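Just need the whole structure built from these sequences, with the hints factored in.
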Amino acid sequence: MSTPPNPPDRRLDINAAAGPLAELFAVDLTLATVQCDGCSNTTDLARYDVYADGPGLVIRCQGCDHVVLRYSTAGGRLRLDMTGTRLLVIPGG
Amino acid sequence: MAPAALRRRLNWQLAEVLSVTTETPTARRLRLAVHDWAGHAAGQHVDVRLTAPDGYTAQRSYSIASPPQAPHLDLVVERLENGEVSEYLTEELRSGDLLELRGPIGGYFVWPATAAGPVQLIAGGSGVVPFLSMLGHHRATRSEIQVRLLYSARTEADLIGTGELAGPGISTTLTLTRAVPPGWEGLRRRVDVTMLAEHTLAPERSPLVFVCGPTAFVETVAAGMLSLGHDQSRIKTERFGATGGP
Amino acid sequence: MGTNDIDPDTGTAPRFVSRGFTGRARRPRSARLPPGQYDVGSGFPVLSAGPTPNTHLSRWDFTVQGQVDRVRHYSWADFRALPREPVEVDIHCVTSWSKFDTRWEGVSVDTLLGDVESGAEYALAFSDGGYTTNLPLADITGGRAWVVDTYDGAPLRPEHGGPARLLVPHLYFWKSAKWVRGLVLGEVEELGFWERFGYHRYGDPWRQQRYAGD
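Chains as they are written, first to last, in the working numbering: chain C, 38 to 130; chain G, 2 to 247; chain B, 917 to 1130.
Hints were generated in silico from the structure; no laboratory data involved.
Please read all numbers here as calculations on a predicted model, not as lab measurements.
There's no promise every hint is true.
Selected chain C positions facing chain G (Cβ under 7 Å, derived; list incomplete) [said to hold, decoys possible]:
#1 Asp46
#2 Gly56
#3 Thr67
#4 Gly113
Each residue gets a CB set at the ideal place from its N, CA and C atoms; glycine is no exception.
This is the structure in C-alpha cells:
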C-alpha cells in the first residue's frame, strides 16, 4: 500500500474496560450512565469511546471527545481520574 | 432492593481446556471447564491472561460463545496477525492445558431472553460470537421471541458457528464480502443501508438491536439503523479491535 | 494499562505460568535497552488515547507562546522552509517497548525557538485533540528535540502523529507529543495529560521514571 487508508480506528467500548474496572468497582460499570463534564450530555457509559492501548485506559465522550475517565493499574498502583465525569448513575442502588 | 449491578468480586481462576477445535481456517473453538463458574448471561465475555515463565503477562477479552445452559464454556478465538495472545490460543493451546481467566464480564451487551420484543442481531466477522450464545440461549429456553441475524463474513470458509445459526423463530441472512462459492444463495456485498432496510426487522417492530464487529463495521451499521428510524436506546453495540501494541 | 508489562513491582515468579507461552519474541538484551524494556524489532505499535485528528495542512500552524517576548507562528509552508535535519535514534515507550534506529526528519526545536527571548524554564507541548505534555526547556533545546514530519523517508502517517510530532528521544515516548501544534513556555511546570494522571513529570527511561515518585 503506497497511500495508507484511514488510520486504524482505535476506539473500543466499555466492554474492553469492564474487566480492568472490575478490579476497583464492586458494581458493573457497563450498566452506568454518565454525564459528561465537557458537554453535559448524559448517556450510557456503553456509548462512550474507550481507548485501551495507551499507558492508561481512556474513556471519552462520543459527542465532544472530552475525557470522562482514566484508569490504570500499571506499576502496582491503581489510578482513577474521573474529573471529566459530572455524574455517574448505576441502576439498582 | 439489592443493587442490580452489584456482583461478586471478579477473581482470576483457572479453567481446564477440554478441547481445541477448528472453527474456520483462522479461528479455533476453545472448550473450557471452569470449576465453580458463576454462570453467565448470553453476550457476556471473559478476560484471558497469559503468563510467561519470566513473569511477562498479556491479557485479552473474548466473548463467550456458549449459552448459559451449556455445561462448559466455549470461546471462539480468531487468530490476528502478530496477535501474541490469539496466536498462542489458536496454535499452542491444547486439551489438558490450564488457562487463566476471569468473568463473566459486562452486563450491557446481553440478551436475557425475558426482554420483550423481537431481536435483531447484526454481526461482522467474529462479532458473531456473542450471538452464538444468544441463539443457543434462545433454543435452550424454547423462546418464542422472533430473532433475526444478519451476518457478514469475508468468505464462506470464514463463517463461524455455521451449525448454530438456526432454530425455531430464528431467521438468518448471510452475506459474503469477498469470494462466493458456486450456488451461493446468500448476499454478496458489504452491509449497507439498503441491505439493512431489506434484511433486518423494521423499526416499526421496535426490535432490540445488537451490533457486534470491528469498529468500522459497527459504526456503519449503527448509523444505518439510526437512519432507518430505529431508536438509539434500542441499539446496543460492541466494538472489538486490536489493543495493546504490536 | 499494565496488560503487557513485566510487573516491575513483584519481579518474582508468578503463581501460574501458561504452558508454552513466551510472549512476543523478545530479542537478546542489548546495552541500548533501558531497564524493563523489550526490543519490539520491526514493529511500530500505535498507542492512542483519543481520536486521530484530521487537520488540513492549510490550517496547520506551530506556535511558540506563553512567556515569550513575542508569539511565533509558523504556517506549514514556513515550517517546511526551515532548515531540516535527519535524526536517527532509539525510542522507548512507557508501555515497555523500545525501537532501535528509527529514522526521522524535521526541524530542531532550537530552530523553532530561534531568537525567542524568554526567562521560562519549562515548556508545555500541546497538540490537536487536546493532548499535552510537559518538558523542561533544557531538555528540548541544545539539539535534543525536534518537530518531525517524516518517518523512514515518507510523510509521517497520522496514526504516528502526522503531519508533525515532537521527538524527544531521550525521554519516554509519551513526551514526544503526536500532532503537536506548539509550545507554551513558562516559569512553572504545568503538568500534561499523562503527568496529571500520575505519570512521572520527567520520564527518563534509563531511570525507569514511569510514575510519579519513581
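Verification of the hints:
no. : hint   : verdict
1   : Asp46  : 4 Å, holds
2   : Gly56  : 4 Å, holds
3   : Thr67  : 4 Å, holds
4   : Gly113 : 13 Å, violated
Checked against the numbered hints above, the structure violates only hint 4.
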